[in-house]
Every structure is written in structure tokens, then in C-alpha cells.
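Undergrad: What follows is each chain in one-letter form.
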Amino acid sequence: MRTLTFSGVVLDTGEMTLEPGFVVEGDPARVDGEVTVEALGRRGDVLATTQVPLGEPCGPPRDGHAGERPPQVAVGLVAFPAEAAGLRVTIDGRTVLERFAPRRGRQPTVEWPRDLNASITSVGWRAAAEAALASLGYSSDGGSTWSPLSLPTSSGSIEFDTGTLAGGARCLLELAVTDGFRTTRVRSPEYSVKPKGWLLWILAPVSGSVVDPESTVSLAAQGYHVEEHRPSFDEITWSSSLDGYVGQGAQLVATLSPGDHTITATAHGVSTDINLTVAAA
Amino acid sequence: MSRLVLGHPAFTDGSPPDAQLRLFGPTEDSELEALRGQSVSYLVAGALALGIAGHKLDELAPALLLAATSVDPESLLLRQRLLRDRPFGPPIPMIDDWLDKYDLFKGRACFAGVIKAVLELGKWAGQRSTADANGISGILGSALCGGNQITIQGSGFGGSQPADTKIYVPVAGGGCREAAVQNWADSAITVTLPSDVGEGCVGFVRGMGTFREPQQVTGELSICIGAAAEIWTKGFDKVNTPIVTCPPCLPGGQNRLYIAGPPAINTFRFTPSHVEPGGQPVLSWNVGNATSIQIVGISGNGPSLALANPVPPSGALTLAPLGGLVPVVGRYRLTASNACGTKSADAEFTMTRKPTLSITRIEAVQGIQRVDNSVRLTANRRTAVRVFVDSGMTDGFDLGFGANRVGGLTGTVYAENLTTGAAWNCGPAWPVNSQASPMPNRDLLGDSINFDVPLAACNGTVRLRAVIELPGAAGQPPLSWTTSSVTVSFTPKPTQEMLPFLITDPSSTSPAPTMADLFTSLTGPAGAHPFPENGFVLNPALNWTLGPLENLKSGIIWSLLIAKIAATFFIFPSTPVGGIRIGMVPNDPLYPWGGMALPRLGATAPSLIAVAGDPGTCTHELGHAYGLLHANSCGPAGPYGALPLTISDPGLDVARRAIVPAGTAEMMTYCRPQWPSVEHWDYIFDRIAIS
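Chains as they are written, first to last, in the working numbering: chain E, 111 to 391; chain H, 160 to 850.
Here chain E stands alone, though its shape is the one from the complex:
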């Protein structure tokens, strides 16, 4: 079914601020939600109605904000037929938002990167609508599956790290651009992206850490096969430039000799390292 993503926040004034939605295929919310969202035709006629639950997200207050509560949020998919041109949102029979699509403009323009083998690259885009948002996705299998590379943004340049993109001969980028009511998906030419194989992340300690003498150091890492989407834990071995072999496993506790260490984690032929100083006694 043709639906619109719906992300609204109820303000202190009782009105709702709404993120521009994306038109997607999906199933609209099927609950008795507190928020009624009506898809409106050009003349304000109601074409479809969806109930969306209204939730008060958790927000543990920090110092100085005791007693404050986050505003309520409504998130979901709402029915949005092809002829719909506007939305009316009511809560308890009170209209908190009514909005119509802006005048249709020209198609968005997109500037694709030449290749996806640089470490950081970006996609540039422009749309006619002032409040347009775009979200970027990536496929390494010719468009069968997609991974988001960005949250929806109004920024005209979306940067992303190619170092973790799965490799393949038929890789694609897709930019979804919306004015809140109409969504255009623009697809890139195919790229050939080098397979990454195993990545290895040292999760602890932070490089540059200094630890007290004779105290233990918690080492943690995870391997990840980018193309196969699977992790690796037990195969990770650890070594120190000063102490040699330290141990094996995704998480271990080590006692290291004083001095400046380069700690190296190795798994599946891939190594990564951090620097660590154990202070002198």
C-alpha cells in the first residue's frame, strides 16, 4: 500500500511539528492510536484515515532538568493514496496540524561520486522545495537490498564512509528526496566496489589511554565480515609491542608491563592497533 512515513512531535502549545514524510510502500499503522492522520485530496476531502499511537518517549533528565519531560511523539506509516495532497492531524478531535503539498517543482538534481573507493565521499543534491529532505541508501547487490547511509537531512551534501561499504560488481546509491508529500528516488549508475572482507574494531581501551601500573586492562574487539554480514569474536588474538602475545578472545583482561605499548588485535589475517601507556610504578 502507498503510505507516508509519519514522524510528529507534539509541542508545548499543543500543535504538532512534523518531519517531512517519505512516500513508501508499506502497511499503515493498525492500532487504535491517539493521533488521527487524514490524507486529504486537493479540495480537502478525506481520502484515507490512519490512527497512529502517541508515545511519550523516555527521557531521563540530566542535572538541572529534573521534572522536565520530553514531548510526545507519533511515529508510523499512514495511508497516503496517490491522489492525496495534504494531511490533517487531530488529537482528541482537535486539529493540531493541517498541511498541503507545495507546488510541484522540478526534479531534484543529484551529483554522484565518481567511484566508491575513496575513504570518505559525498553525494550532492538540490530540490525545488524549500523544506525538502533526502535520505541516502546503498545496495551492493544490484538493488535487491538496501542499507541506509544517512538519516533524512536537508543538507545538500551527504557525506559517508566508503570503508564499510560491502563490495560488489553491481553497487548502487539511491537518494530518496521528499517535500513531505511527494518522494522522488534517484538511482546512481552502477559502481564496482572492492570487497572489504573482514573489518576489525578495537572497542576497548581507547587509543592513547594511560593506565596505572599493575592495574588490569580490559581489551575488547569485534571482527565483522562486511560482505557476509557476520561477526567474529573468538578468533581474535592480542599482542603487545612490549609484552608479546597477550591472549585470545573478543574480551579479555590483561596485566601489562610499564611502558608505551602498541596493542594489536588480529583475526582472519586482518590487524588493527591502538596505543596504550602503562605508567611506571
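These aren't lab readings, by the way, just hints derived from the structure by calculation.
The reader is advised that the hints may include incorrect statements.
Claimed, not checked - Distance ranges between label pairs, derived from CB positions:
1. A176(E) to T578(H): 48 to 54 Å
2. S458(H) to D322(E): 39 to 45 Å
3. C269(H) to D322(E): 40 to 46 Å
4. I230(E) to R846(H): 33 to 39 Å
5. C269(H) to G369(E): 38 to 44 Å
6. G273(E) to C269(H): 54 to 60 Å
7. D344(E) to S458(H): 54 to 60 Å
In this text, a Cβ means the ideal position worked out from N, Cα and C, and glycines have one as well.
With chain E held as given, fit chain H onto it using these hints.
TA: Structure of chain H alone, referenced to chain E:
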């Protein structure tokens, strides 16, 4: 001893066993080392016993070695008992690492080497000599002190000392020792008395020309067995003396030294030396060869003795009943003197309450546990075993740890998989100052003796068997010990996939979050929720920088951000990666919230955001992502779920070895500190993993 050894099935039963104790080669396993020590002790004692009894070791040595390394429970228990090592405790279960296949064991070069050592020991023990006082008519000497000379008078001694004949003189405390011959004539032999000369009879020891020293024993045993053998073998290469029979005393007393050497303190002791409150130790003494004897107190808080010095050569004194609620230790010294010198000895008694330890309960804890172990356990997850021990003391006696409390405990826990039979040692107890108490407080880690179950043992149905001891003095059996077991089951749980968003806020001066921050945050739920070890699978993070209008110091931006993360799933729904969307934002103190979460609303992906490196907030928000609602304490928003406001039982962060007392606020409140309740644990346990 020799009969006991010869009764072992290794001597009587010809069928070979499957395996022997892995006796040879290096090891760093202290448990195996202890078992090896028992085997070597049995081996040495057996060789000596068989040798003294005149048995032919050439035929018996292989069977003796097999008996010393048998791993059947009866043999293990026999060796323990012989060596007074935990005499009433059950033998520890054998693990594969401690065993050597029978054929391999017999084929090793060290098998032959150790057999050789056993033969040497047997030959040394089996040597024979004779003693007599033939021809002695009297002893001449004035002060019979060490270093002085005496002349043995008589006839028929021969013109010179025969090569196989020595002069032996009595030594204090019994036995005899060779005296250096200064002059040997047919009717008179002059010798120098050794320093420890005592009362007794002088004479000849003959037949020592073939004396063999067991010089190779140390080398063979130490090389093949290592440290476990050294305690027994250190002395064998320095023996330099055979086993002899002391000279007999002639009926007329012609060869007797009546008053010789310094005073001999035969007895100076309290009986019993350890008493319970109200006990009356008896001090007894017996001194020979002294001209003056004094007994005085030297230290401790024992009573003054009702004795007038000097005291007679022998006597006994019964102390008044010893009372009080603290231990009493009395140390006293007896000093005896004569012309040859002064000797002293000390005696000590202790009045103390002897604990009667008993294990009241064993709890297997991964985050929180009830007393009946009914909180379910996740397989392959860090698990602590808490052993609660009753001191058996109720009268308020204070051993130095508080009324009725007992410290200095040691113990072992074995985890035995009831399906595979595999067993693991759960390592040293923690913390080091754990105590037994008649009413242990579950909220205190020190009121239980705690152990870490090896991860490999946390699978299937497992019996946790604990042995707790109050050690005795060195070489003595434990003052008290207790054992008990509990059977628990570990349930496999999948890992939880996570799709991280590392969110940079240009308006914040706090550092941008990293994967290390994410890991730090996840140590919270890793410790508090029932995920397995390495229970979070992290997909590559999506690095994201907020726009200029998305300042997270504004509360509404948080709500928009969490909604955006939750809804992004819809834009690219056919994603090959998924799981919980977890956003890390800078840990900026100016932010209004520490975190935010949306459980699955309709078809949205469960999502949360949290400030970087805050494990507590991450645990709370992950609870929401799983669908838990708040518990209404310290001001969270509704709606509220069925969780209690506080936890019913103590929580335990096993990795950090940190206890969370019962009554602490539930994790889904806004109170600090917080910890998941049993209900919270169960809720997550039933839902791992979500996507």
C-alpha cells in the same frame, strides 16, 4: 604400610586400567600439582616400607608406581587419607588434562627413571646392620658433654678399628649417633661425644661396609615429576647415613651413660593444646638431666601459672576453666640447665570456639538471583557462584571477625556438566576476606564465598559442587570443612544485532561519540541483562552529523531525532542489516536528557539514543527498546508497566564483581542507582533477540 601397599589392586589385579595420573612433565595446574604430591608421597613411603620389610623391589616397583598413580576414587581417597590431606573430603573429580593413557604412561622414559629411583630407595631402606656392646666393662669420663671425650673400657676390641665397625653413643631424645673415634686399642677406645649426646648406652654398630647412599633418587624424581617431588627428594642426596640399630644396654649398666649432655626436656606441653570455652588444658612437663628448671609465661593473654620456680623435674598443672568470648592464647617457656648447658622449650595452648561450618545455600548468579536459583540462566554468560556458609557459632564468640563470624576461609567449586561429564575448577574465591556467619547478608559480597564459573562450563545442566574449609595449621587437617552442591541449567540465547549511529552534534563542545563509547555503554546491558558473552553483534556504524538547526540542547530535537532513526527503516526497508537502532550522541552536560528510546510502535524499528559512555542509561533505554515500560519512581513518564519499584533480591554485576543490594530502585525508574528486577530479567530473557 607395606601390607596396605601390597593390598592395592595394582599388585593383585593384572588387568591394566584405562589411564593413570599424568605424573610426568611440567604443569602449572595447582590441583594436578597437589595430586602429584600425594602420588610421590605414596611412592616414597611405599618404597621405604617395602624395603624395610625386606620385599624385593625389583619385582614390585612397577606395581607400586601404578598404585601411586591410580585415579580410581578409592585410590585417590586412600592417598588423601594417608597424607592427612582433607581426610574426610571427597576426592576431586578427574579432568582429562590430569590423565595419561595407560600405554603412554608405561612407555614414557620417565616411567623407567622413576622405577630406578624406587629401587634405590628400597635398597637403601633394606640395608642391614647389627649392634652390640661386646667386651665393654665400663665408661670413663667426667663431664659427659658434647665435645668432651670418654673412654670405653673393656677387652677384645682389637688393635685397630675395623673398617665396618663404628662407635655409636646415645643422643638426647632417643636414638644414637656415631661418635668420632680418637683412639682405638684392644682394651680402651676413646671417642669425642657429639653435641647432642644424651642418656643411654654406648656400643658398636657393625656391618656397614656396603652402605649405599640413595644418591640418584632426587635427580630422577625431580626431573621427571618436577616441583611435586622436591618436597620429598630434597634430602636424599645428602643422607650419608644408613638406617642402624642402636647398641643394646648391658644388664650391669657397664655401657650406660647416666648423666650425659645438656638437660633433656622430654615433655613440655599442654594437653589438649586447643580447648573450647570452659576447657581446662593441663600443662605437663618431664625433664631429665637438669639441675634447675623454671617455667614462665612469655606471651599471649593466658593466665599466670600457679607454679613456684624452680619446679620439680616432672609435674602437671590443670588450668582453671578458660572463659570469655575472645580467643585466649597462652605461651610459656620451660628452661632447664646443668653443667653441659641450658635447654628450653615452649608450650602453647589456645582457647577458642571451633566453628562448625555448613553450607546453607549456593546461588548461581548472572545478574540477579533468588535464594532458590529460580531465576533462569543464560548459556555462555559470565556466572558467579555465591556459597553462603554458616559458622555454626551463636554464642557471640569473636574470632577477630566480629561476633559469630569466621574469616580466613578457603574453598573450591567444581562445575560438572551432567550430560558430558566434563568438569571445571571455578578458580580462586573472591573477595579474599569472605566470612561465614550464622545469618549471612546477601547484600554483602563478603558474606558469601564467591567463584567465577568458567564460560565453557556455563552450558547445559551443571552441578556446582562447593567445598569450603577453615584451614588448620600448616600440615594439619582443616579445623572445619563443609561441602554441598546445587544443580542449575543454562539456556542458550542468541546474540542481539545492533545498528549503531554515531551522531556528531556540531553545536556541542563534547567529543563526538566513537565505537569505543558504544562498547562502554553496552557494558551496562551486558552486565545487567541476560545476554550471552559477546552478546551484541555490532554492524558497521553509520556516522552522522546533525544539521545546524538540530541542536540537542533542545529537548524537542531529541524527540525528532529518535523518531527519525525509528522511521528511517521505512525508507530502505529491505536492509540486510538490522537489529536495534542505537544512536550514540555526545555526552554533553548541557543536554536535557541522558537518553531516549522508542519501543516498537507499529512497524518501526526498536530504537534508542543515549549519551556516549553511560552504561546505566544505555541499559535503561535498551529495556525500553525491548518494550519495557517505566516503573513509577523518581518521576519518569507513564504509562507504567508491571515492574516493581525496587529489586527483591541483590543484583550482581559479575564482570565488575559489584553487588547491588536488594531494595535498590528498578532499572526502569529514574532513580539512581538502578538494577533490573527479576521480572525485568525474565522479560528480556523471553525476548532475546529482537530485530
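Undergrad: Determine for every hint whether it applies to the structure shown.
TA: Results for each hint:
1. A176(E) to T578(H): 48 to 54 Å: 53 Å, holds
2. S458(H) to D322(E): 39 to 45 Å: 41 Å Cβ-Cβ, so the 39 to 45 Å window holds.
3. C269(H) to D322(E): 40 to 46 Å: Cβ of C269(H) to Cβ of D322(E): about 45 Å, so the range 40 to 46 Å holds.
4. I230(E) to R846(H): 33 to 39 Å: 38 Å, holds
5. C269(H) to G369(E): 38 to 44 Å: Roughly 41 Å apart at Cβ, these two residues keep to the hinted range, so it holds.
6. G273(E) to C269(H): 54 to 60 Å: Taking Cβ atoms as reference, G273(E) and C269(H) lie about 56 Å apart, which means the hint holds.
7. D344(E) to S458(H): 54 to 60 Å: 57 Å, holds
Taken one by one, the earlier hints all hold for this structure without exception.
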